[in-house]
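S.K.: Chains as they are written, first to last, in numbering that gives the first Met the number 0: chain A, 0 to 129; chain B, 0 to 129.
If you're looking for bench data, these hints aren't it; they were derived computationally from the structure. Hints may be right or wrong, so weigh each one.
Unchecked claim - Computed list of chain A residues with no C-beta within reach of chain B, every gap over 12 Å:
(1) Ala-36
(2) Lys-47
(3) Leu-52
(4) Asp-54
(5) Ser-58
(6) Gln-62
(7) Val-63
(8) Gln-65
(9) Asp-66
(10) Ala-67
(11) Glu-90
What the hints assert, rightly or not - Derived CB-CB ranges, DEER-like:
(12) Lys-79/B x Gly-55/A: 26 to 32 Å
(13) Ser-58/A x Arg-59/B: 26 to 32 Å
(14) Gln-65/B x Thr-53/A: 46 to 52 Å
(15) Glu-89/B x Arg-80/A: 51 to 57 Å
(16) Glu-90/A x Glu-108/B: 19 to 25 Å
(17) Asp-97/A x Asn-56/B: 23 to 29 Å
(18) Asp-54/B x Glu-89/A: 20 to 26 Å
(19) Gly-100/B x Trp-73/A: 31 to 37 Å
Unchecked claim - Chain A regions said to be covered by chain B (calculated; three or more residues, Cβ under 8 Å):
(20) 18-32
(21) 93-102
(22) 105-118
Values in this document were obtained by computation on a predicted structure and should not be read as measured data. For every residue, glycine included, the Cβ atom is placed at its ideal position computed from N, Cα and C.
There are 2 protein chains.
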Amino acid sequence: MNNSMRNPSDRGQFAFDGLDRALHEKARLGILSSLTANPQGLLFTELKALCSLTDGNLSRHMQVLQDAGLVEVWKGSQGKRTQTLVRMTEEGRVRFMDYIGVLEQIVSEASQASQQVEKSMRADLGWSPT
Amino acid sequence: MNNSMRNPSDRGQFAFDGLDRALHEKARLGILSSLTANPQGLLFTELKALCSLTDGNLSRHMQVLQDAGLVEVWKGSQGKRTQTLVRMTEEGRVRFMDYIGVLEQIVSEASQASQQVEKSMRADLGWSPT
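Just chain A, same shape as in the assembly (with noise of 0.2 Å):
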């Protein structure tokens, strides 16, 4: 059993605040990657798709993304068809990045984490290498 208390300097290490939960939700991540690689907007119909939601999930995404000021809503018609355009707000785009930047760093550090295990694994096998 590993005993060894940890240094109080780690404290809150692995507390991820920089994971604003506006945007770590999964269907609010995808809406905000698809509005990333679509700087010009996407239509509400094309974002359901691409994020394969429903009209109420997406409507619902919509909302909180909107009252955090990540987001932008614009209506307009096409004919007789009223269209609802959505796009990122320069905020969105400054603060996602922010925390695409966060995920970053937790890949990098699960990543050499989990070589390392590795590389311990194979010299407990007597493996070396060649």
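We have chain A; now place chain B onto it with these hints.
M.R.: Relative to chain A, chain B alone:
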């Protein structure tokens, strides 16, 4: 307004089915990252501090992770105190690294898309690389 319809093959492109909710939730992502960095296991009290969680919150998330087969819990005593040791299961390690692979993809696509936007913004301004 952007009216170009997406290619039907783009359907679900941003649904992120690989983002298993058992792993993607912020606190559980912290717990799994902590355990990946500490393959020998962590005491419940250590995990609490590392992830900045209360007793109740950590217990609740541990239950989800145990039910999903991602972590295992051991009871032991040190002198008069009963201690709880938490370790990642082998299945947990594999599934967490699969999840990390999905995050890596999201990070890479967002970074590329963002760079393209910046490039086209510089082009709009009439700037060009020196």
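S.K.: Decide, hint by hint, whether the structure agrees.
M.R.: Hint by hint, here is what the structure shows:
{"no.": "1", "hint": "Ala-36", "result": "4 Å, violated"}
{"no.": "2", "hint": "Lys-47", "result": "10 Å, violated"}
{"no.": "3", "hint": "Leu-52", "result": "8 Å, violated"}
{"no.": "4", "hint": "Asp-54", "result": "15 Å, holds"}
{"no.": "5", "hint": "Ser-58", "result": "17 Å, holds"}
{"no.": "6", "hint": "Gln-62", "result": "19 Å, holds"}
{"no.": "7", "hint": "Val-63", "result": "15 Å, holds"}
{"no.": "8", "hint": "Gln-65", "result": "18 Å, holds"}
{"no.": "9", "hint": "Asp-66", "result": "19 Å, holds"}
{"no.": "10", "hint": "Ala-67", "result": "16 Å, holds"}
{"no.": "11", "hint": "Glu-90", "result": "14 Å, holds"}
{"no.": "12", "hint": "Lys-79/B x Gly-55/A: 26 to 32 Å", "result": "55 Å, violated"}
{"no.": "13", "hint": "Ser-58/A x Arg-59/B: 26 to 32 Å", "result": "29 Å, holds"}
{"no.": "14", "hint": "Gln-65/B x Thr-53/A: 46 to 52 Å", "result": "31 Å, violated"}
{"no.": "15", "hint": "Glu-89/B x Arg-80/A: 51 to 57 Å", "result": "54 Å, holds"}
{"no.": "16", "hint": "Glu-90/A x Glu-108/B: 19 to 25 Å", "result": "21 Å, holds"}
{"no.": "17", "hint": "Asp-97/A x Asn-56/B: 23 to 29 Å", "result": "25 Å, holds"}
{"no.": "18", "hint": "Asp-54/B x Glu-89/A: 20 to 26 Å", "result": "41 Å, violated"}
{"no.": "19", "hint": "Gly-100/B x Trp-73/A: 31 to 37 Å", "result": "36 Å, holds"}
{"no.": "20", "hint": "18-32", "result": "holds (count 8)"}
{"no.": "21", "hint": "93-102", "result": "holds (count 4)"}
{"no.": "22", "hint": "105-118", "result": "holds (count 8)"}
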